[in-house]
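Using the hints provided, position chain L relative to the given structure of chain X.
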Amino acid sequence: MSRWRYFFRRLLLSVPVVLFGLTITFVIVRMGPIDPVAAIVGPEGGGASRGRIEERLGLNEPLWQQYIDFMVDMLTFNLGQSWVIQPGRSVESLLMTYAPRTLWLGFWSVLIAICIGVPLGFYAGLNPNTKSDYLASFGGIVWRAMPNFWLAIIILAVLRQSERFFFGLNWQSLGVDSALIGQPPLDFIAFTDWVTIGMISIPVGLYFSFETLIASIKQVMPAAIVLGSAAMGNEMRIGRTAVLETINSNYVETAKAKGLRDRVIVWKHVFRNAMVPLVPIITNEAFILIGGSVIVEVIFGINGIGYLFFQAATEGDLPLVGSLMFVFIILIVSINILQDFLYTVLDPRVGYE
Amino acid sequence: MSMNEFDDKTLRERIAKNPQPALAWLAGALVLVVLELGRLASGIVQVGETTRFVLGGIASVPGSVEESVASTLGGIAGLVAFGLTVLVLLGIAAILVKWLLIPWTLVDRLGIEASTGVKDIVERVIVTGLLVVAAALVVLTPVGGVLEMAVSALTRGVEWVGSLPTITSRELIPNEGYQQPDGSWEGTFLGLSPAVAWALRVAVVYAYALVWLAWLWRGYETFREHYREADWTPRDDSINRFRNHYWGMFGLIVVIMFLVMALWAPAVSPATAEANLYQPYEHEFEYYGDDGVETISHGDANFDSRSQGSHTYVSVMSYDDYDRFHPFGTNTDGKDLFTFLAYGAQVSLVIGLLATVLMAVIATALALITAYYKGVADLVTIVASDSIISLPRFLLVLLLSVLFMQANHPVAEIYDGGLLLALIFAGTGWPLLWRAVRGPALQVSEQEWIDAAKSYGQSPAATMRKHMAPYIAGYMLIYASLSLGGVIIGVAALSFLGFGVQAPTPEWGRAVYEGRSHIDSPSWHIATLPGILVVLLVTGFNALGDGIRDAIDPQSEASDGAAGASGGGG
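Chains as they are written, first to last, in the UniProt record's numbering: chain X, 1 to 353; chain L, 1 to 570.
Chain L on its own, in the form it takes in the complex:
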């Protein structure tokens, strides 16, 4: 069989030829999406807002560069710096746009003849030029206003969709209500007790997530059976090995439980974060008091249900005086600990993922470049990474976050310090990842097909991307999963010391800090439960990493134990 037989039909053509299984799968997926359309839409709105905020921040960079340069070197130099910064930023954007949105090459369409390397550059220059024109149009002409209106109309539309009821929404299965004197419950789902109603909603959330997973697996099987041209690929073996790897499966289950908890934090928490954590005095609810049904603000109710030592506490799986159910008890301010932890999971996940993805991107790029060019590039990277490693990581992270937070630097405000932490962890963590994948990258670069690609005239970037990157992707996955646990522990440790994620944004380490002096009292849960969650989660990530390693590379030795995330980082 020649390679052409595989290559000449795209996936789209293969599906067009036999659409039935794909359509059946898609219909199922659509049903699943519709069930949770509201939550999905509000998630999209959130992501959109964040993107807008980040874009706004980036857009203000040229201005601030101009200001600082102009103040030392004069106005004209400032203008030049402004222009240069804009060009650099748009150039970076051009690479992304080209990579994500333009699958064909403009150079070929325009019929420009040049060698491969030059072509790449010309391509980027053209895209940058287009972006400059687009940016100028948006900033200088009414097009910007029109765009603004279009975006806000779109946002309103998506927001409306976001208000639709979903299968996991609190409105469908409400768990907040009060008990009447005759023992019946008012306001909860079907008159069940809040505890049962809450448990039911959590069960629905996890069931929904499980169905999605099963459906995705089904989709992969459909693809494998009907649309993949090869009957067998090495990846099939890896997946089979992973399915029989109990330790790895345990890790996967723990990680998925955590992911669901973080993604559906508003649904699994007994109270909403807005009412219970952020603005407790501005939200009220009804309860059955001495004079019948009364209203009270969350803040006042929280004050009466604080867990502080042995004289006042609301312990695990119990109700407070206002008939609110607290599966994990309350914390020292009377806020619901489960809500705190669920939203804290979201925070940990966002920071951990952001840091790890940044780290992995830097480390992969450097590993490819150093393995391809070797020599000076390799040496410089060795010195740079060794230098960063020679600074004790936790102290460096601590120092940087303390400095930025005490200076009230604008970066430290975003996400209550979360973005800053992610950047710091990424900046100090990439050398470890780079070291881990440098070996495999060097091995691949010695292969014959790299030589072949070179002599065939393929550009270095294409060679690295197509022929080297896939081989280190697996290793990257292993080490990224291990380092994610490390970042989560590190963030929790920093928050414990008071220099991580700031209040009121919930973070697990801060819960441990708040409850540290109550462990030997009936309020033991505040510090103990978050700690157990961290242990479970980090063990899960380590197990997942082990599982992936054994699945990808069964010959590998489990001897590099230092790579695992451990409590040593904090």
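Okay, chain X solo, but in the shape it has when bound:
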């Protein structure tokens, strides 16, 4: 099988995956133990309002018709609206408000994990079986086993008492003032002016506040560290093994034998090859971010998508839950396709196994 045929087969396979994932969502939301109308109408709602809502949601139709309607609506990105949390607001507009916060959090958690985990892992791999290797490896293993919810409250407690732990440095007033809990300010960048040329609007005025940016980063940092903790440990572990494997491979021996300088060997031959097994680990982080952001967002008071989902689920906003689930499915499936694409491009052995 050629590489591209392999890739297209994977691509084709994602169609039934999305359909089946949606079907599971439908079963949970519409056929589950909770009546979707009950939470919307509330305890005082009479039979008349009940009937009206049932009709608007299409719940009075036979189940197979509901199923087809649901699938068609979702697949044409007709995501509907919220019914309980913010009644009447469309899902798209909710996403526009909530998603940037989660993206900002996710961006920093991936970045921090890579910037700390990979160098530490490489360092441990280059100095195997030394004290610092053991320290780094053991630290990584423990760091990774920490449940996010616990790590989050511990970090919050430490930062609240930061003067006691960091020799009088107060985290809250360090650099720029920021609160510990709450969403990071995202208005550090904005477009102020738009010029319309024909059909297209082009932003011309740009507002940018460096201070707000710093405050925003500082605010999101503790949450991002917690969210990225598991990934950081993984990257460290994989990085260490990868470096160890490459360093013992024949081409490194050859490079040494022909008298190449250590620096060149490490940078040119070891690191580049050790990066390869890290690629899936980094893309896999996306799953962790999508699922794991709930707890971090709830504890750190960030009104992101995870928090939105949590609210929707606990308050019985089932139509919103269904739509959000669809968005998550699409996200994860696209990331998978992206990963397959990267493999296809990067690794010539794909499809020949």
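Some clues are possibly wrong.
Said to hold, decoys possible - Examples of chain L residues lying across from chain X (beta carbon under 8 Å, computed): (1) Ile121; (2) Arg124; (3) His283; (4) Glu284; (5) Leu391; (6) Leu403; (7) Phe496; (8) Val535.
As the list claims (entries may be wrong) - Pairwise CB distance ranges, derived in the manner of DEER restraints: (9) X:Ser249 - L:Ala452: 34 to 40 Å; (10) L:Gly75 - X:Phe77: 44 to 50 Å; (11) X:Trp64 - L:Leu96: 31 to 37 Å; (12) X:Val279 - L:Trp99: 42 to 48 Å; (13) X:Met31 - L:Trp99: 30 to 36 Å; (14) X:Val264 - L:Asn240: 40 to 46 Å.
Hints were generated in silico from the structure; no laboratory data involved. Heads up, the beta-carbon is just placed ideally off N, CA and C, and yes, glycines get one too.
Positioned in the frame of chain X, the structure of chain L alone reads:
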């Protein structure tokens, strides 16, 4: 040497030939059992009650199916559905009964001639038929009443045995007492202070467990030396490798410490769960107050020994005002945190094990089937598992448990939501396990001996069970041990959010939630200690998994780090 030389003697015959070492080992084991007979019996009663409860739940399934079908399609369809459901359930039961209780084949005894596949089916039909007859007898005739009486008599007997004193019982080494004005202790073991008495009992528990482990190891060595026919098997090498694998041994020790804590929760906790956690106002104890010896209910005493911030707290390794010793301090309602955590360990263990075993069974069965048949079966399973993986797992688990709990579904009542959580984790977790063992299963299915078994006419089920399953069992053990840690973290995280195990059943995540705002005060222990226990336990399971992997397959690379349980799940 031909294979026949190995096969013609069963273990029983080999022991009968040289019974002395086996009897010596058995005598030691019996002594150990007798020492803890009471606790063992009460454990059996508990398991029996749960089994009965579950059976009752299953028995009510046909009725509820009949009801729901009858309400939409009419009475006759309801009856048909009832009958079909009964048959399906008994058919499943027949497979279990056949597998567990009937070691010979009925078909051969009855002399029925057929091809292998047909034989299997005929066999199952016969067992199902027998079960139908048995069920009808129990339900429709007085036999049911007699059976009921027999069971209750047996239960009473076992309960009586359960009341016997044991070496680790609280009555033998009591740690609850009060201090008299002259400083001496009344009511505790040998007049020791409650702290020492408690520590002594914990030490006895762990010593007993250690002796058991040593004795089991001794039993294995006896078997290897006297009764195993092969001098060497590959498993010996695996075990030797594991014994020299310090990281794996560390994991094993942590896991065993946890297991002992969970199994002996009533013995290692300073107070009983019944009195301290579940019904504190209905249990009283004596203490030495201003007017000499007084009695007070646990609930009132708990109220005065709450740990809430810096104004009122009972910290680690300290006594409260009523001379009760709290090794881990008290929680926000004044309940003993160690008792809470020990019983919480039990809850975590039960949920984790149940979920992992279910997951492992589903994943193994699917891996065998997909590897054996390949083609369409494989493709369908790929799509199904990819679809489940494409739903973010933690969100799915959260959603399902929220829905079931808010609807007060009967499943959510069992074990305060524990059974529901186990089912949800198993239902969402099997694709990961299946993916992990699919590779090894495919590899085995390509081997020549599978072809040989096929052409020899062995039935597919037998081929999978005998010739494929042993090869993926090792991998399953590794990944199951890793996923157990993940389930424990997930359950704790859900309980932290308020949708896991409900009060009053103790759960570690809920302790973290209760103590979250007191971390920077003298009541720091409530949230900190359970978290440290989770970290230790998950690290232990990961280390154990690493150890088993290196022991089974020394060539394997430690590169699939994503398989490990990590805090990312919660």
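Holds or violated: the 44 to 50 Å window for the beta-carbon distance between glycine 75 of chain L and phenylalanine 77 of chain X?
holds (45 Å)
For the hint on arginine 124 of chain L, does the least C-beta distance to chain X fall short of 8 Å?
Status violated, d = 30 Å.
If you check the beta carbons of valine 279 of chain X and tryptophan 99 of chain L, does the distance land in 42 to 48 Å?
Given range 42 to 48 Å: holds, Cβ gap about 45 Å.
Would you check whether leucine 403 of chain L satisfies its interface hint, that is, whether its CB is within less than 8 Å of any CB in chain X?
Since chain X brings a Cβ to about 5 Å from leucine 403 of chain L, closer than 8 Å, the hint holds.
Could you check the hint for me, namely that tryptophan 64 of chain X and leucine 96 of chain L are 31 to 37 Å apart, CB to CB?
Because 36 Å falls inside the window, the suggested range holds.
Is the interface hint satisfied for valine 535 of chain L? The criterion is a beta-carbon contact with chain X at less than 8 Å.
holds (5 Å)
Proposed interface contact between histidine 283 of chain L and chain X, which counts if any beta carbon pair is under 8 Å
The hint is violated - histidine 283 of chain L has no Cβ within 8 Å of chain X, the shortest such distance being about 32 Å.
Taking the beta carbons of serine 249 of chain X and alanine 452 of chain L, is their distance inside 34 to 40 Å?
Hint holds: Cβ distance 39 Å, inside 34 to 40 Å.
Interface hint status, isoleucine 121 of chain L versus chain X (Cβ within 8 Å)
Hint violated; isoleucine 121 of chain L Cβ to chain X Cβ min 31 Å, cut 8 Å.
Agreement of hint glutamate 284 of chain L with chain X interface, Cβ distance less than 8 Å:
Since chain X brings no Cβ nearer than about 36 Å to glutamate 284 of chain L, farther than 8 Å, the hint is violated.
Chain X contact restraint for leucine 391 of chain L - C-beta distance below 8 Å:
Holds, about 6 Å.
Please check whether phenylalanine 496 of chain L passes as an interface residue: C-beta within 8 Å of a C-beta belonging to chain X.
holds (5 Å)
Hints 1, 2, 3, 4 from the earlier list are contradicted by this structure; the remaining hints agree with it.
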